[in-house]
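In the order they appear, the protein sequences are chains A and B.
Anchor point for the first sequence: position 14 equals 14 in UniProt numbering, and the numbering is continuous, going up by one each time.
Anchor point for the second sequence: position 119 equals 119 in UniProt numbering, and the numbering is continuous, going up by one each time.
Hints were generated in silico from the structure; no laboratory data involved.
Just so it is clear, the structure is predicted and the values come from calculations on it, not from any experiment.
Please note that the accuracy of each hint is not assured.
No copy is singled out in the list; a pair is fine if it fits within one copy or between any two copies.
[Stated by the list, open to error] Below, computed lysine-lysine pairings styled on DSSO-like, alpha-carbon distance capped at 30 Å:
id, residue 1, residue 2
1, Lys161, Lys367
2, Lys79, Lys415
3, Lys37, Lys305
4, Lys161, Lys363
Listed below are the residues making up each chain.
Number of protein chains: 2
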Amino acid sequence: MSRCSCEEDALHRIRPTPEERTYVRTIGSHLIEAVEKTGLARAMMVGSVARDTFIRGDRDLDVFMLFDPSISREELEEKGLALARTVAEAFGASCREKYAEHPYINATIDALDVDLVPCYAVLRATEIKSAVDRTPFHTRYILQHIGDLGDEVLLLKQFTKTGGVYGSDHMTEGFSGYLCELLVIYYGGFRGVLEAAAGWRPGVVIDIEGHGSRAFEEPLVVVDPVDPERNVAAALSLTRMSEFVELARGYLATPSEAFFIPPPSCPFTEDAFRRTIDGRGAKLISLTFATPPYTADTVVPQLRKSAESVRELLERSEFPVNRFDVCMQEERSMLLFELMTDTLPAVRRHLGPPVWSEGNARKFVGKYVDADLFSGPFIEDGRYYVEIPRQYREAALLLRSRSLLDVALGRHVRKSMKEGWEVREGRACWDESFASFLGEFFRHESPLVRVLRHRQE
Amino acid sequence: MSRCSCEEDALHRIRPTPEERTYVRTIGSHLIEAVEKTGLARAMMVGSVARDTFIRGDRDLDVFMLFDPSISREELEEKGLALARTVAEAFGASCREKYAEHPYINATIDALDVDLVPCYAVLRATEIKSAVDRTPFHTRYILQHIGDLGDEVLLLKQFTKTGGVYGSDHMTEGFSGYLCELLVIYYGGFRGVLEAAAGWRPGVVIDIEGHGSRAFEEPLVVVDPVDPERNVAAALSLTRMSEFVELARGYLATPSEAFFIPPPSCPFTEDAFRRTIDGRGAKLISLTFATPPYTADTVVPQLRKSAESVRELLERSEFPVNRFDVCMQEERSMLLFELMTDTLPAVRRHLGPPVWSEGNARKFVGKYVDADLFSGPFIEDGRYYVEIPRQYREAALLLRSRSLLDVALGRHVRKSMKEGWEVREGRACWDESFASFLGEFFRHESPLVRVLRHRQE
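Model the full assembly from the supplied sequences, consistent with the hints where possible.
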């Protein structure tokens, strides 16, 4: 594999040390041994540690405990959690019960963040009973096909992390580790992936095993080699895909270490916030409420959906929205909107029926002829209009009204908002705990642009 | 013809008195005699006086002088005007030269407003050399077909006048007298016209002689019985047609004298103007300049076109326009706009190319990466955007800028505006000489609604 010096330099920084590798794998082996010697389940390491594709310092150890598929779901959960606890406590760790599709145990063992996950030992990935059952198949597939491309995967992971497009969680909507591994295998290396990606458009389909069995809607489709029904890139948004494409082009044009070194985060202060919003002159408005007590992967899509509904309400009410974004924090969540106008005239134009629609026309005129109007009913190009008093002349009043609960909010978000929400405007939107979110909202530049500017400094 | 009492009452008021009729026709005959005894041309009365379809008091007398078609256009104009002058002066009148498609003489003779118009005596209306040559054919056709429907025409004319939809000039865009006559002939009377119109939709075609020889685009088509290529209703706008349809329905539902008696004009005062715009809370902005020295039929369409272009400029610049209208006065003309917002943030969103368009994407990023921006370039759903400083944050500054001369203004309007124009805002838009235009702009109700409200008072 011929690499430029910046790639070699990056590898030098991100490749795990031999000591680190040995240390993590040793602990993994001990955990597997501890599980299997109970005779209750088999065990295996999965994830990037198992595949030797982890970045230095990212030492999350995933140990899966594979139970016989004949036991019931309840039995699996009960036995699985009990076994996980026993093993973790034998290593002197305290346990935290967590929940993805089903429950598992998270523990800190010898300074490693360890997940002990019960699953079914099914024979084929297409026979899985729960999403976690698929993970062992992914690990086996990568181990069989990765060959000497491990370093190439490290480069692609570091490149996507630096570019802010790594992570298939619902906040990022980017590339998962497994997706990076498959792309490197398919295109033969880091450079091969970038050269292909530079020419991607929405609609690219990659089917390594040539077994895809249905059509997919997503902008990038990578058929799972272990399951022809699944798109490994299903979580990737069009925006993240586009950002990866421009990063690939930018890197191929001018390779540089800046693509592998995350820029230092610049803290956003209240003072900078004030100068920013004063300079833009637009109308900022925030909506905060208690974060629903669920994982980010449940809550974030609901925040997005809620914000989209609120945006529609604002625009239907003639408050033009320039941009909006959402942020989930531990305690509070925020929907943030920047409006071009937050105050409107008293008069509102209201569309009526076509004159040709005789019954509706008569009803419309009858309804409004004696009403308290600014003007009308009048006719323009064959349609009736009236000019009526506007219910909400200020965006903040609209967002404080109970009618906000009538738009399509996510289920948990609605429940939380029923307990109350806060609307703030302009400078009052500043909130120390949302500082970095506010900073990103206003900085807002594509990953390539960020790299180019960072390199110039 | 069975008529309701309000129609009989209306006829009683609008039908010319026998004395009036005799008086006008006698003067007409004397003028014809005076023309014909020179041996230079034949002469005939045309228009509503000739057809006996004039409303009491509307005593415009049109005498056409029909010259041999073999003479040249220059000769026609020269001889025609000379003859008209001679005749008018013989009646002791002073002459004013006027110009429609070609020149004619206007004179006040025995308290009548008389037009003496030279034209060609062509054999068929399809052989005309100038639009005025067609008029004698219209008069002959109506005289042959009107029978005893004269009173019915008077009712329809008065009905359309009261409703504000009478007049085929470019300001009104309504029904001409000839169109009223043809509709009455076709539908057999005033009531017949209304009953048909109540069911009209755009696309109605009426072809009395069944000889229409081409497709027409206008919402109402009435093929000229004397010229299969011409739509008598070509000047009728969709809005005026719709207003006539609703008037017809309203009258048939509840016939009333209010449909024949124009409501008293209520004067609009500066005080009422201020209360109105304060109440609406919208942003009024007016643009005035010297009226170009041409007839209303030339200038008004150019004012409309100019106002439409200015509206597009405003909306392209993100100032939403609620309504606009134009007014031509003797000295000054006005384009009037009501905006929902007249001030915008400094930040303006600017759309770039799709990320997939590699060359354009590279150029766009290259152009903006070092530019002075609010944010970006960033990517949303596969497209680039930047947020740049806005050139005009205030609508008034935009309308005062020279860039206004770059939009599609009418030719004469542009020439006049090159000499300067004035932009006023809010209360400063008040101008005594545009008082009734401003009043109509804000009253703005359909003719039926006006009748219904007037009747209630």
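query: When no copy is named, should Lys37 and Lys305 be tagged within, between, both, or neither for a Cα gap of at most 30 Å?
result: neither (48 Å within a copy, 88 Å between copies)
message: Within, between, both or neither: how does the pair Lys79, Lys415 come out at a Cα-Cα threshold of 30 Å?
response: Answer is neither: 34 Å inside a copy and 90 Å across each miss the 30 Å cutoff.
field: Homomeric proximity label, Lys161 with Lys367: Cα distance no greater than 30 Å
entry: between (61 Å within a copy, 26 Å between copies)
- request: Measure nothing new, just compare the shortest in-copy and cross-copy C-alpha distances for Lys161 and Lys363 to 30 Å and report within, between, both or neither.
  value: Between copies, since 26 Å is at most 30 Å while 61 Å is not.
Consistency with the previously given hints fails for numbers 2, 3, ordered from lowest to highest.
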